Every structure is written in structure tokens, then in C-alpha cells.
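Construct all of the structure, not just a fragment, from the sequences and the given hints.
Listed here are the chains, written in short residue letters.
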Amino acid sequence: MTMHEPESQHETAGKRERQPDLTSGDPYAVLGLTRRASEREIKRAYFALVREYAPETHPEPFKLIRAAYEKLRKTEVRAETDLFLFQLPYPWEPRGRRGGIDLEVHPEDVRALLRNHGDLGRDEFLDDYRPVRL
Amino acid sequence: MGKKRRTRNLQSSMALRRNGLNAFERRDYTEAIEAWERVRRQTPDRLPEAALAEAYFRRGLRLCAAGDPEAGLDDLHRAADLQPEDPRIIYHLGLVAHRHRDFDEAIHRYQAVRQDAGALARRAAYPLALALLEEGEDPTETAAWHGLSDNDRLMLSEVSAFKRRPYDLPDDAPILWQAIAALDANDEERAEDALESAVADPVNPAELQVAHYYRGVLAGRREDWEGALRAWNAARAAGLRMERLEENLQEAYHRLAEQRLERGDMEGALMAGEEALRHGSSYPSLEALVSHAHQRLAHEAVSKGDWAEALEHWQAADAAEGGSFRLAFNLALAHERREGFLAAAERWREALRRRPRRDDDPDALNDRQVAQLWQRCAEAYTQAGEYDEAVQVLRNAVTWNPERLEARLALSEALMLNGQTEAASNELERVLDRDPDNLPALLHMGEVAYARGCWWQGSPVPYWERVLALDPENVHARQLLVDFYHDQAERSRHWGKYTQAIEHHHKALSYWPGNGRILAALAALHLRLEEYEEAQSWVDQALEKAGDDLMVYESIISAWLDVGRFDEAWRVMEQAEAAVENVPYDFYVSLAHYSIDHTDEMVPRWLDRAVEKAAPGEPVFVTIGEMAMMNEAFDLASDYLERALESGQNPGQAHLILGVISLRQGDTARAEMHWSDAMKIARRNNDDDLRERVEEARQIFYAPPSLRDLIANLGPDLF
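Taken in sequence, the protein lines are chains A and B.
So for the first sequence, the numbering used here puts the first residue at 245; every next one is plus one.
So for the second sequence, the numbering used here puts the first residue at 416; every next one is plus one.
It should be emphasised that the hints constitute simulated quantities derived from the structure, not laboratory data.
Here the structure is a predicted model, which is why all the values come from computation and not from measurement.
Be careful, since some hints might not be right.
Which stretches of chain B does chain A cover? Using the computed rule of at least three CB atoms under 8 Å from a CB of chain A, they are [what the hints assert, rightly or not]:
id, stretch
1, 579–593
2, 652–664
3, 743–751
4, 913–923
Glycine residues also receive a C-beta, built at the ideal position from the N, C-alpha and C atoms.
Given below as C-alpha cells:
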């Protein structure tokens, strides 16, 4: 199974475009990477974050970063991690619609207007009632 | 027919005629028709045909005005059957046919009316001329044309311009017609100005509807879908009902949704897509669009860590599109996050069922991945307590990847949980055949051996010792060995075999030297053997190693209580209080619980101490009540629960347990009274948990006596 990124997320070589999200359950998001990141990029992102969140000064964030790294560090473990990450939808491709839209002029609409004139446009015909005798 | 029967019918007919007339005068034409139709059946010679026709005629007109022209037409036809020569009925049949665009029928009826002189013949001139025009005929050569007013003639002449393109209208033609003609000629600027004027100053509601409609057409031609929707919704709000309008609304919402989706506005796309669904039946490309928007919103929700919202969006996407591998997969993950394990397991199953089978599909799974998914599915079933299902699913995982030992291990665990210890053991043997040093398998094999009984499978000890040999730091194996020997020691102690118990504790200690609780247990055993000097040495070691562990003190105190040395027990308790800051009240309740079986003398002392030590707001009275009830000390339990009620301490729970005690004492009325009070408190505090527990208690109360006793004996844990 291959991983798909949403259209808005891209990563150029060596440059991180996603902000690390330490609260995420997705290890890529924790390290600020896309799912296509190379081994080198994973390692580089990890060490950059460790410099920022050193274990001595930021023990809790460090634990999260380390846990995320452990899920991506080894190819085999990463394959299992990838397998159970939520699946992004395929990029949107409009499909054929059912029908077109009617933007034409219909002369019968004008004639229909005339059907609202005179008796054709009335609802009440009390004057047409006749008394009843038994 | 006999004379009497005829007389009876005559009387009945007269009454019905009168009743019909009364109803007719009240304008209840349905009741009048029913009454007079019965007269017609009973005494046809006394049928008031003209009256009945008038009732049908009036009801027919009323139904047409109320928007039910089919029923109205039926009534008018019935009226015409009864009074075929009545020109009013014929004329109105013509009007209904005309509105239904049945111009042939309408012309036929109008011409019949026109045979007579009089007001109706004059009224029929306009609709007849219009019907001829709509049929493509020229009305100007007919007598009807000459019966029209000048204004009507002008209007009908001008509308004739719409017979052939290009539509060439005189300058004084109504503004809306000019707008439509300009639109047809693609003169959008003129059309826009004219439509604006028509909307600003409509001649009648029908013109306003049509003006809004063509403003929508104009906006649509410019691909301004928001503008088109505004105009078409205005036409709809003004009362226009037309299939073409609904289709255009659906399509415009669809196109707007696509525009928004391409801009990345998922909320907007979803709203437009859902509106499109409301304006017509669903179809695949629209369903796919709505599903896609939901999935993108689910992705955004996951990025924010909001799995509840993500779950809702994926469920909506699933409902819109009818399911897919990816949706089932994501739903499984979301349910897991929300701890809906059974739902998660079912979704994993669905994902596996829907997985693409073609190797070149980007979502294709290899055998190893299929096995992993089955294993994940099984984990969800296990979490949900569905061990039988977990076993079935794990067998699939093993089939897909027989070499995956993790799956076999998981299968053995599931088999154990499902009570199939022999099958679990067999599965573990298969793992150990492939990998004799597999630590999880060895650990688990020991657990299986212990569960099956040592006399059947052999001791679990060799398995766990093998683990320690392979991995001396393995804490799990060490703990299992300690627990095993501790259990053996407890069993020996229970049967009074203190020396054997001491041997077991020494064995446990060999795996965990310096463990305070084991040292305390050894001390307790020597105390029970009245070897006070030896005991004191173990007490000293235990307190040296774990002087802040209240379990250590409890163990020693229990032993002093066993040998009747209450003063020593109290002294150790004071020692604990000196060593541990803020001893919790339940420490004393636990000692009271132990003492109830051994000596009544100490119970009040422990309980007084518990009450004294409890911090304000801690439910000490209820805890004591529960403990006493478990020990069937009902009077003691009731005393403390009443004190709980007096002090407002967890009154719902206090009433619930008092109810159980009353039930155990055979006072069902009192039990019901307490449960009612508990239920009131649950409702007042919106405490669903308490409400459920009271309901459970009541179910037990209404159960057969033997079952009730059985359940009641299970104690308060049930509640």
C-alpha cells in the first residue's frame, strides 16, 4: 500500500514545510515531515527537534519526539507504522455529471404568463355558484 | 320491495336530503355529497341531481384552488355527468384542461360555451384565443378575437412574436418579455437591465417568478453560480415550481461545490454539495464530491487531533459514497481512537473485504500486510471482549502469513482468553518449534501452564527461568516467578502449612531480594508460628526496605491480630502513621474488614480511626457501609450508611446499598423506598451511572428468588 499526501502538503529536499505537531498521533506530523520523507530527512528532522527539545530541559516533548522517531527509524517498523496511518483521500478529480444545465430561453414561459390572466389566473369563482333548492 | 321497507327508505331519504342541505349550507360539500349520493342509491326518483351537481362543482373548484387539480377534475366530470348542459361546468372543465396544457380539450370546451350568448361566452373569448395561439393556430380570424378587449388583443398579438426567432417585439411590449427576447438574442446587458426592472416592479407574482428565473439563467451563462442560485432560490421562494428549476438548482449547487473544492474551501463545498442533494435524486459524481469533502474535513480534524469530528466526517463520507477500502480503514482507526472497539473490528473486516485485489492498485496489500490487518482486527475484537471472534480472525492472520510469529502469539493469547488453553498451548508450541528462544512465547507458555494447573502441564517455572537465563533483566519473568511463589505461599498459609509457606516466600525472595512485601509476609508467618524473635528480624528488614509501604504494615498487623496480640497490632499501626504522611482512611477500613472475621473488639477502634482520619468530603461512611455489607454485618452497615445520609455524603450510593441491605433482610418495601430515593438523586444530578445501577438492582429485585439470592450474595461490587 502506498501513502498519499493531501495536495496542500509538499516538501522540498532538505526543507521542512510542515510545522512539527507534538500532539499528533501521526509520527510524521510530530517530526514535521510528510509521509514521503526519506530516511535521511527523518534523521535530520529528529536531530533538529532534539536540539530544540533537549531531554534535560524538555523531558516530556522529548519522549514524544523519540517515540515518533522510533516508529520511523527502521524500515520494517516504518512499514508497519505506515500501514496503520489514516489514509488520505485521493486528489479530487471531477467526474462526469449526470446532466447539463438549462440556460436556454423557453418561449412557453411567456405564454404561461398569459395563463395567469383573466379566468385562467383566478382561484376564486364564488360568482359562478348557484343556489340550491330541494 | 315491501311497503314497510319503502316507507322506511322514504323517511331515511328525507332525513338524508335535509342533512345534505345542512352540510351544503355549512359549505361542507363532502358531507353533502355523501348524504345525497345515499339518497340517490335508496330512492333514485327523489335524487336531487341539480343540488348534487352543484355540490360536486363547488368541491371541484375548491380542490383545484387548493392545488389538487386531479381530484378537482374528477368532481367537475361528475358534475358534468349529472348536469351535461350546464355551461359553467363546461367552462371550468375547459379552464382546468387549459392549465394542464391540454389545449385541444380546452378549445373544445370553450367553443361549446361560446355557442350560448351571455356572460360566460364573453369570458371564454380570451382563454379560447390563447389556447388557439398555444396550439399554433391564428386566433385573429375567429369570432372569439372580436370578443376580446383591446388590451387582451394587444397582449396576444405581442406574444405571437415568440413564435419565430429572432423574437421581434414592439417597444411597448411588457418589460419582462423584452428581457427574455434580449436574453435569447444574447444581448446580456439589455436583458440584465430589463430583468432588474421586472423584478423591481412586477406586474403580478407570476411575472416576478419568471423574472427571477431568467436572472438565474443570465448569471448561469456567466458561470456565476452563486448569483444563479440566489436568483433561482428567489424564484422558488416566490412560488415557482418547475422541474427545470429544480434540475438547474441541483446542477448549479454541484458546480458551486466543485468551484469551492478546487479553491480548498471544504466546508463551503460540503454545504453546496448537500444542497445539491436536496434538490433532486442522488447520482454518483455528486456522491463522490460530497464524500471527498467529508474526507478532507476528516483529515483536517485529525490534524487538529479531533478524532470525534473526524469519525463523523468519515461516517458521512461512507454514507454518501457507499463505502470504500480507505473509508473503512480510516473508520476503523477512528473507532479505535474513540475506544469503540467492536465497531473498529467490524470496520477492519470491511476494509479487508474491500481491499483492492489488483497488484498495480496503489492500495494493494501484500500477504504480510493482509495478515497485519487481520491481527489488528483481532486486537480490536479482544479489546471489545469478543474473544471468539478474535480467535477466528487471528486464524486468518496466521493463514495469510504462517511465519509471522506475532500473529501466532496473539492467537495463543486470544485462545487463552477464550478459555481454550489446550489450543493456546499447541499454538505456542508451534512458535517455540520455529524459535525456541522466543521470549514472549516462553512467558506465555508459563502462563498457560499455570492456568491449566501444574499437575497437567508441568510447572510454569522452567519457562520463566529460561526467559531469565536468556534475558536476566526481564522484569516480567521475574515478577511472574515472584507472583507464582507468593500464590503458592498464600495457598500453604491458608491450609495452615506455615513452614511450607515460608519456603515458598524464600523462593520468591530469591527472585526479588529485598522485596518489602515478601519480607513482611515472612514476618507475618513467623508471628503466626509465635517465633517472635525471628519474626522481629523480618519485620525490621521489611521496614528497612519498604518503610513507607502500607501493605507491609497491613501484613504485619494482620498477623498480630491472628495471634490475638491487639496491642501489638495497634502499635504497628501507630508506627505506620509515624512513617507515612497522611495515611488514607481506607487503610483502617481494610483493617476493620480483616478484623470482623477475627475479633469484634478491634472493629470499632479501626472504624473510629478511619472516620477521624478521613478528609472532609471523603466518602468514609459509605465505604464503611459497603465493607460491612460485604461482611453481612447489616446493622453496622446500616448505622454508617444512615450517618452518610445525615451528613450528605454520597447519598445516592448510600440509598442504593441500604436498598440492597433491606432486600437481603427481606424488607422489599423498604428496599424499593431506598431505590426510589436513589433514582431521584440520579435524575437530579444527571448521574447515568447511578441510574443504571439502581435499575440493575431493581431487575435483581424482580428476578426469581433463587437468582435474586445468588446475585445479592455477589455483594456491592455489582452495584
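We went through each hint and held it up to the structure:
1. 579–593: holds (count 3)
2. 652–664: holds (count 3)
3. 743–751: With 4 residues close enough to chain A, the hint holds.
4. 913–923: Coverage by chain A is violated here, the residue count being 0 at a Cβ distance below 8 Å.
In this structure, only the earlier hint numbered 4 is contradicted, and the remaining ones agree with it.
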